[in-house]
Amino acid sequence: MAVWEACGDSGALQLLVDLLNSKMMKLEENSGTEEQDARLLEEACVLESHEESRDLDGRRMSRNKWSSVVYRRGQKQLTRLLLKEAEHALHLALSSDH
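Per this note's numbering, the sequence shown starts with residue -10, numbered consecutively.
Keep in mind the hints are simulated off the structure, nothing from the lab. One thing to keep in mind: the hints can contain errors.
Below are the DSS-like pairs computed for lysine-lysine, each with C-alpha atoms no more than 25 Å apart in a straight line [unchecked claim]: (1) Lys54 - Lys15; (2) Lys15 - Lys73; (3) Lys54 - Lys12; (4) Lys73 - Lys12.
Label pairs and their computed distance ranges (CB to CB) [unchecked claim]: (5) Ala78 - Glu24: 23 to 31 Å; (6) Ser85 - Val59: 36 to 44 Å; (7) Ser51 - Leu83: 45 to 53 Å.
If you're wondering where the values come from, they're calculated on a predicted model, not measured in any experiment. Ideal placement from N, C-alpha and C gives every residue a C-beta, glycine not left out.
Given only the sequences and the hints, what does the whole structure look like? Please build it.
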C-alpha cells in the first residue's frame, strides 16, 4: 500500500518533509552549510589542471575540487527549495483538514 493511501495527504507530506530535513542534515554534516560552500567558491582561486595544486595561501583549489563544491552546493540548494515547497504543501494540507 502506498504511503499516500495509508496516511493521506498530511501524513505523506510530513514524511516527505522529514526525509528532506534528514537529507539536508546529512549534506551539511558532511561538507558544511550552503553559505560555507558559497564562501569557499568566492574566495577560491581555481587552478587549471596543468598547474600545481599547491595550497599557497589556503585559497587555491583544483578544477575538480571546485566542481565538487559547485555540485554539492547545488544539491543543498535543490534540497532546500524542495523542502520549502513540501512544507508549504503540508501547511495547506493541514489547514484544509480542519
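So, going through the hints one by one against the coordinates:
1. Lys54 - Lys15: Measuring from Cα to Cα gives roughly 19 Å; hence the hint holds.
2. Lys15 - Lys73: holds (17 Å)
3. Lys54 - Lys12: holds (22 Å)
4. Lys73 - Lys12: OK: lysine 73 and lysine 12 at ~13 Å, within 25 Å.
5. Ala78 - Glu24: 23 to 31 Å: holds (26 Å)
6. Ser85 - Val59: 36 to 44 Å: holds (39 Å)
7. Ser51 - Leu83: 45 to 53 Å: Since serine 51 and leucine 83 have Cβ atoms about 47 Å apart, the given range 45 to 53 Å holds.
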